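Residue numbers (the numbering used here): 1 to 171.
Misleading hints may appear alongside valid ones.
Said to hold, decoys possible - List time: in silico EDC-like cross-link candidates among lysine to aspartate or glutamate, alpha-carbon distance up to 16 Å:
#	residue 1	residue 2
1	108	124
2	12	51
3	85	48
4	85	51
5	108	151
6	108	44
7	5	53
8	12	69
9	84	44
10	147	117
11	85	44
12	147	115
13	80	51
14	148	117
15	147	126
16	148	115
17	84	51
18	84	48
Since the hints were derived computationally from the structure, they do not count as laboratory data. Here the structure is a predicted model, which is why all the values come from computation and not from measurement.
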Amino acid sequence: MDTAKNIEVARKNLVETGGRTSQELGLGRIVGQVLVHLYLQPNECSLDVLEQELGLSKASVSVAARQLEALGLIQRVWIKGERKKYYRSAENIASALQQGLLAMFRHKVQHFGGELEKSMNLLEFEPVSAVEQEEFSFIRQRIQRAKKLQERLSSILGNPLVRLLAKMNNS
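Generate coordinates for the entire structure from the input sequences, incorporating the hints supplied.
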C-alpha cells in the first residue's frame, strides 16, 4: 500500500465530509471544506494554496475564510515580507467550533424572532369573514407560541452560565 496515497485519500474524504456537514448546518459546503483542510494542515496556507488544493475559486475560498475567521474557527497569520493572506485553524478548534456554533445559533434565533415580529405585524387587521377569523386566530396563536419559544431560547443561549459551561467543557 502507498502510504502517501492513503493519507491523501483520507484527507480528501475528511474535507468532503466537512463540506457536507457544514452544508447541512446551513453554513455552506465550501466553509466546511476550508475549515477541515486547514485543520488537517501542519502549517498555515495561503488563499492560493487553498484554491488550488480544493479546486475552488479564489473568491469562494476568500468568502469562506472571512466567515470562518469571523466565527473564530480560523486565524489569519501574517508572514513577514508576504502580501498574501495566510490562515490556520484555531488553536483550540473544539472550543472555537462550539463558541462559533453557539454564536451562529444565537444569531439565527434572534433573526427568527424578528421574522415572527414581522409576521405578527402583518396580522394587525380585523378579519372580515368567519373563515378569516378562524384562520387569523389560529395563525396568531401559533406565532405567539413560537415567539415565546424563541424568547426562551434567546434567554438560555444568552445566559452567562451557558457560556461559562461551554468554555469549561473544552478546557
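We went through each hint and held it up to the structure:
1. 108 / 124: violated, 25 Å
2. 12 / 51: holds, 14 Å
3. 85 / 48: holds, 9 Å
4. 85 / 51: holds, 12 Å
5. 108 / 151: holds, 12 Å
6. 108 / 44: violated, 31 Å
7. 5 / 53: Given pair residue 5, residue 53 holds - Cα atoms ~15 Å apart, limit 16 Å.
8. 12 / 69: violated, 22 Å
9. 84 / 44: Within the cut-off at roughly 12 Å; holds.
10. 147 / 117: Holds, at roughly 8 Å.
11. 85 / 44: Answer holds: residue 85 to residue 44 is near 10 Å, not above 16 Å.
12. 147 / 115: Distance of about 10 Å is within 16 Å: holds.
13. 80 / 51: violated, 22 Å
14. 148 / 117: holds, 11 Å
15. 147 / 126: At roughly 21 Å apart (the allowed maximum being 16 Å), residue 126 and residue 147 break the hint.
16. 148 / 115: Holds. Residue 148 to residue 115 sits at ~13 Å (cutoff 16 Å).
17. 84 / 51: Given pair residue 84, residue 51 holds - Cα atoms ~13 Å apart, limit 16 Å.
18. 84 / 48: This hinted pair holds, its Cα atoms lying about 8 Å apart.
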